[in-house]
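Novice: Those protein sequences? They're chains H and L, same order as listed.
If you're matching positions, the first sequence starts at 1 in our numbering and goes up one per residue.
If you're matching positions, the second sequence starts at 1 in our numbering and goes up one per residue.
Treat the hints as calculated values from the structure; they're not laboratory data.
For each residue, glycine too, the CB sits at the ideal point set by N, CA and C.
Certain hints may be false.
[To be verified] Simulated crosslink set (DSBU-like; lysine-lysine; CA at most 30 angstroms straight-line): (1) H/Lys-68 <-> L/Lys-45; (2) H/Lys-80 <-> L/Lys-45; (3) H/Lys-58 <-> L/Lys-45; (4) L/Lys-104 <-> H/Lys-2; (5) H/Lys-73 <-> L/Lys-27; (6) H/Lys-134 <-> L/Lys-104; (7) H/Lys-73 <-> H/Lys-63; (8) L/Lys-104 <-> H/Lys-63; (9) H/Lys-80 <-> L/Lys-104; (10) L/Lys-27 <-> H/Lys-59.
[To be verified] Where chain H lies over chain L, by a calculated footprint (3+ residues, C-beta under 8 angstroms): (11) 14-22; (12) 58-68; (13) 71-80; (14) 124-131.
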Amino acid sequence: MKFIITLILGFCFGSILIYSQAYSWYRIQEMFHFESFHMFGLLFSAIGTSALALFILKKFGIKSVSGKEIEVKPKPAQLKANIAGGLIFGIGWSISGACSAPVYVLVGMHWQIGLFLLAGALLGTIVYGVVESKIPH
Amino acid sequence: MKEPLAWYIAGPLIGLIVPALLILREKQFGISSSYRYILSFIPTKISYFNYHREQDQWQLHFAIGLVLSALAATQLFGFSDAITIDKLSPNKYEIVAQSIYDVKNALQFFIGGILVGFGARYANGCTAGHCIMGVSQFALSSILATIAFFVGGLIGSLLIVPAIY
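Produce the complete structure using the sequences and hints provided.
Specialist: Following this line, the structure appears as structure tokens:
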């Protein structure tokens, strides 16, 4: 049951990325060239909606479907890692036109390219796993 | 390519995934830990992949939903992304507009994928976990990472991509 719910949420997320074209290499280039407000509007309104939702969840003490308190933990600040990793991620995002979720969308949409993207992302993750203890965080 | 679904509809819908995941699954929105989860099945001595992977299992299920959404859009609902974005400059991009997802560009996507995979783990999150989930919590780590994503993106898009084409 949990599997199905998660799958459906992923399906919804993917469909929004597809029909808003946020998965598209072109929309990403367009964003970084400041040619259109589309992607900025999309990101800002997603953040705003999420922030409002988190506020409401907290304010009214809304519990999860299984009756548990909803805990939201911010990711710990690791200044060097957040910045250096972020820069590397950003370069990858712009040249592949895909961040982590669109990688999976492209596996389903253009598998010939999507599988190269996924293989790259997995290899990058392996490299991180190998060097993790040797790089500054 | 047709006009995209308007940002003021798509953005809030993406934002609503956050409370939906919290209420239905008690999970914080994110996707890039799915890569670590997948790799944890390969027997290895790398300690990073020997971890309590159950915590990330749901992200693989989430990822399967993403793949299925693309299959449904293209195979069932006739979605096509033959794109000509005429506003996009420099004009060079129009030349490649029909063929960016061609296999001849595989190396570009492979290298981009490596940087995405490495960077997401190093930064401890991606556009989902940091930009959307983290910034909406006003987390310092996520605000810094988001700024870095955009600086990196500008470097890639304005300097590296034009050098490829």
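Novice: Which numbered hints does this structure break?
Specialist: Numbers 1, 3, 4, 6, 8 and 9, in rising order.
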